[in-house]
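Asks: Sequence:
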Amino acid sequence: MLKEKSEMIYTIPLGRIYWGRRTNRAARAMKFIRRFVARHFGVTPDKVWIHSDVNEYIWSRGIEKPPRRVKVKVVKDAEKGIVKVFLVRK
Numbered sequence: 364m365l366k367e368k369s370e371m372i373y374t375i376p377l378g379r380i381y382w383g384r385r386t387n388r389a390a391r392a393m394k395f396i397r398r399f400v401a402r403h404f405g406v407t408p409d410k411v412w413i414h415s416d417v418n419e420y421i422w423s424r425g426i427e428k429p430p431r432r433v434k435v436k437v438v439k440d441a442e443k444g445i446v447k448v449f450l451v452r453k
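Residue 364 is where the sequence shown starts when you use this note's numbering, and the numbers rise one by one after that.
Simulated from the structure, these hints should not be mistaken for laboratory data.
Since no wrong hints were added, every one of them can be taken at face value.
Each computed DSSO-like pair below joins lysine-lysine, with the alpha-carbon atoms no more than 30 Å apart:
#: 1; residue 1: 410; residue 2: 443
#: 2; residue 1: 447; residue 2: 428
#: 3; residue 1: 443; residue 2: 368
#: 4; residue 1: 428; residue 2: 394
#: 5; residue 1: 410; residue 2: 447
#: 6; residue 1: 394; residue 2: 443
#: 7; residue 1: 394; residue 2: 447
#: 8; residue 1: 410; residue 2: 436
#: 9; residue 1: 434; residue 2: 410
#: 10; residue 1: 410; residue 2: 439
#: 11; residue 1: 368; residue 2: 447
Quick list of the computed label-pair ranges, beta carbon to beta carbon:
#: 12; residue 1: 426; residue 2: 368; range: 28 to 36 Å
#: 13; residue 1: 409; residue 2: 451; range: 20 to 28 Å
#: 14; residue 1: 368; residue 2: 425; range: 29 to 37 Å
#: 15; residue 1: 382; residue 2: 442; range: 34 to 42 Å
#: 16; residue 1: 376; residue 2: 418; range: 12 to 20 Å
#: 17; residue 1: 368; residue 2: 415; range: 17 to 25 Å
Note that this is a predicted model, so its numbers are computed, not measured.
Backbone N, C-alpha and C fix where the C-beta goes; we use that ideal spot for every residue, glycine too.
Model the full assembly from the supplied sequences, consistent with the hints where possible.
Replies: Here it is as structure tokens:
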């Protein structure tokens with residue numbers, strides 16, 4: 364039987380968000396992170412909680428130029444069914 368994931372570190376590629384308009388790339392990046400984590404942890408996107416450090420990192424260069432990738436630590440709370448996303452610091 365497979366062991367359920369409780370904590371993982373992901374490098375999320377955000378290059379795909381550069382395909383569309385540049386005027387809302389940072390907002391699209393946040394939605395992409397939410398969907399990526401939900402898909403990998405088997406929960407709905409509304410059960411994903413993103414820490415403010417991740418938000419500040421995505422928006423740090425403005426709305427038009429978010430980073431191409433972000434390294435995050437994802438922790439699943441099995442009792443509540445909530446998945447929390449934290450920024451990995453170097």
